[in-house]
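A.B. asks: From first to last, the protein sequence lines are chains P and D. Our numbering applies: residue 1 is where the first sequence begins, and numbers increase by one. Our numbering applies: residue 1001 is where the second sequence begins, and numbers increase by one.
One thing to keep in mind: the hints can contain errors.
To be verified - Here are the simulated lysine-lysine pairs, BS3-like style, with alpha carbons at most 25 Å apart:
hint: 1; chain 1: P; residue 1: LYS62; chain 2: P; residue 2: LYS29
hint: 2; chain 1: P; residue 1: LYS371; chain 2: P; residue 2: LYS58
hint: 3; chain 1: P; residue 1: LYS335; chain 2: P; residue 2: LYS223
hint: 4; chain 1: P; residue 1: LYS431; chain 2: D; residue 2: LYS1232
hint: 5; chain 1: D; residue 1: LYS1159; chain 2: P; residue 2: LYS347
hint: 6; chain 1: D; residue 1: LYS1070; chain 2: P; residue 2: LYS581
hint: 7; chain 1: P; residue 1: LYS335; chain 2: P; residue 2: LYS367
hint: 8; chain 1: P; residue 1: LYS58; chain 2: P; residue 2: LYS581
hint: 9; chain 1: P; residue 1: LYS29; chain 2: P; residue 2: LYS389
hint: 10; chain 1: D; residue 1: LYS1026; chain 2: P; residue 2: LYS469
hint: 11; chain 1: D; residue 1: LYS1221; chain 2: D; residue 2: LYS1232
hint: 12; chain 1: P; residue 1: LYS143; chain 2: P; residue 2: LYS581
Just so you know, the hints here were simulated from the structure itself, not pulled from any lab data.
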Amino acid sequence: MATAPTEIKVTSEIAAEHGLTAGEYARVKEILGREPNITELGIFSVMWSEHCSYKSSKVHLKRLPTRGKLVVQGPGENAGVVDIGDGLVAAFKIESHNHPSYVEPFQGATTGVGGILRDIFTMGARPIAILDSLRFGEIAPGKGTSPEEAHENRRILDGVVRGVGHYGNCFGVPTVGGEVGFEPCYAQNPLVNALALGIARREDIFLAQAKGAGNPVIYVGAKTGRDGIHGASLLASAEFTEESKQKRPNVQVGDPFLEKLLLEACLEAMQTGAIVAIQDMGAAGLTCSTTEMASRGGTGIEIDLAKVPQRETGMSPYEIMLSESQERMLLVAEKGRESEVLDVFAKWGLDAMVVGEVTGGGLLRVKDHGKIVAEIPAHPLAEEGPVYKRPIAAPAPRVEAEKDWFPFAVDGTNLTQNFVKLLASPAIASKRWITEQYDTSVRTNTLAGPGASDAAVVRIKDPQTNIVKRALALSTDGNGRWCQLNPRVGAMHAVSEAARNVAASGARPIAATNCLNFGSPEKAEVMWQFSEAIDGLSEACVALGTPITGGNVSFYNETLGKSIYPTPTIGVLGILDDPGKVLKIGFRNEGDVIVLLDGANSLGLAQHAAPLQRTGQETRREFSSSEYSKTLAGIVAGEPPAIDLAAEKRLIDCLVALAAEGSVQSAHDISDGGLAVTLAECCFAAPVGARLALPPLSSTVNLTVSSLPPEFELFSESGARAIVSVSPAKLAAVLATARQYGVGAQEIGKVIRDNTLRIQYKGSAVIDSPVDSLRDAWAHSLERTLQTR
Amino acid sequence: MKFGVVVFPGSNCDHDAFYAIGNVLKQPVEFIWHQSQDLGNCDAVILPGGFAHGDYLRTGAIARFSPVMKSVEKFAKGGGMVLGICNGFQILLEAGLLPGAMMRNSGLRYICRHVYIRVEQTDTPFTDAAARGQVLKVPIAHNDGNYTCDESTLAELEKNHQVVFRYTTPDGNDAAGNPNGSAHNIAGICNRERNVAGLMPHPERAVESALDSADGLVIFKSMVEAFVGTAKATD
């Protein structure tokens, strides 16, 4: 299919090869009032691909909350935009690049990052941060993963990490956060979800709406080649089979240097005031950018392909229209002011050509040396594609008995060894080996890079004066394992955790973006997962006040018929009014009091509220979905912890208030690995960054008597909880604030100078270890695993 | 004193140098486009970090041919202060304004983290406000920072006290502090005349405590002091 001469006569078989169903093909003929030619068929096939048209997800996405006081631009443009005060706005969005990253990890990841950066500066915003949410198969051999598979997973991880780094580092935007997770289901379908954040003055935001008949349409950036043809339709909109590796030519190749030039040139050209609209050429390249700009603008566009800068000779109209060559933009300028725009691109040494003009008729008309090769009404092509209400069916309820659930150790067991294993598991271990391959400090805005705070925090310099006023915090989260067990509750946890992380950095969560990674929409069970997840996201986003401003849907994440865990990845953005009040996770001073905040327990008596009412069975069932259960017992079962969104909201508000008061020394939420991991990380972070290595601070914690098993107390991942450390002088103020917000606050220990983490339970030590040996397991595990041959 | 920050296509720390000098040090500063041969009466020139021209060939190998480099060379020959940071250092090496070359980091990976460097010489315009032996905490962010040169050049560098910054740890273990395999733990050098210097770490990223360190500021302050000193001397 790489070369498709225009003479090919389109038949229903060829339409089917292009991924169009019989019904869709009939609709094509209806819109055109005739048979399409091959170029037109190609155009329809990419525009109506799952990736571009959202045909299976549209009916569900409508249920997401997208409006809010601060939302300037919701879904539907290149990125969401929110008001961040002082006349500034933030543009941000997360997108997937999963399939390309499996076929060709390095280039798949680079172009994923490149694509999302373009979405941001297309809006007129200068990108200031990148976060990456990555999922891989298990990198160490074990249950369900052979040594060969583990090796392959390490190879994919290495390529993806190098790719993410290569693009962001060269482009000059810091990669400040994200997460990395591992489950066997991602072995042949890794997830690469890249989020970018940019800022602009409110009046400088650009939209992709082609207006004004007669205005010139200008092509800028890289030349068009034969790379990436059908990336959106064949790679992103179909599941993987044995032949998928042969789709390597469908993966694009990224050039961060060119994109850096494109960024500077676009922002400079926008300042001329001569640009009317602009859109990047990502998925479906020239086809998508022309069609969508015309459709949104209520206009038509006419272009002549002979004028399109080309990297190769002899390209057919079909190939030019469908190419996904990277680092290209399409813009509409004011008639008569073309030269102002062209001059800027010439300065930056970039190709810029007037390739056509905006027309009044609403038609996308494509010519080749003056001869019409495609003529399609733009609006129906963009907006009247197929919309499916796919069948939905809940899977048969899982039948689980007590034997399937995690067996708690008897009281009195020393859990230190297990704890060390948990700290060394890839999911929990330090990701520093990965994040050090990313430039995290370029642009000198990074107030909290990877691992320093629960969220990444970057300050905002005014684009004109460079004066710093506020900071933004971002966190991405997703929990495929929980979503597999219960997609609705899992999705709620994803939103809650991202928002909680943002609040634990001191920032007020204001908006969200989502990347919905699922299996084939043609399976009723997958659609059920999707629908449930959407309902969970909606409920949580409404409850936490974080409307969804954009994102993408990635279906067909399955290989050889096996789906990944449903994995909605959520990015939450928050504002920190005072950039000097970032909360970090590390304990600071000897003698500080360690306080457990619990939004679900407004009485301040952590052990005497809701948890007491659970039965032993319920406890085991819930705990079987934890990281500890997976790592120590190989058990993944049960249900995610019950979620209480009101409790999450109380905790979030409380953390934001504590940060604003400046009354706490550190804050770290309780999530993967539970309370014990949180406490250990608070200790690990303490000496990092200190000028003179202090004796490492550590903690003693005394858990009050409880009826729950010690493993549950230490490693349960139930939400709405965080650890703060407080100087004794401010303790009363902190407890008062917690009370005011209806959040339970319990003193559970003290920061000490002795190099040990000691956690006592019912009077006997359940964890007692030098912090250094815990740190060693946690800090170097990933590096050791990844360097295995 | 006026600073000029050269902008090559692909420079990406130009804004950071500009901010450090203009907003933190509050000195006049302007950008100089690489096509320009006019340094705009600057009193010091900074070649910033980034990936000039994409660095798809050897780092700095193409940037040295940018028209601005002719003027920079002339400026340097006339005694003007030229500081190359990261990619700027690599460009100075390629341009022959400093001796030696860069290899890929010994670990064959890009590294970004805070490192410690010791000020070895204080008789340069880039370090005259620092104390000899002072240890600075500054970030590195590079693929190719593994400084190398032939034995005789290395001996010359040491003999002439041209090694200005050396990697170390807070407790003075140079080898353990070397992140990239650089010869003699070299983080930065100057020319024999001491008016041209290059270093791999990014002092412009360590200019405020909010960024985890303000240690890098001393380098820019030194340049201002050196300039004021020279101006006084010629009064």
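A.B. asks: Could you work out which of the previously given hints the structure breaks and list their numbers from low to high?
C.D. replies: Hints 1, 2, 4, 5, 6, 8 and 12 not satisfied by this model.
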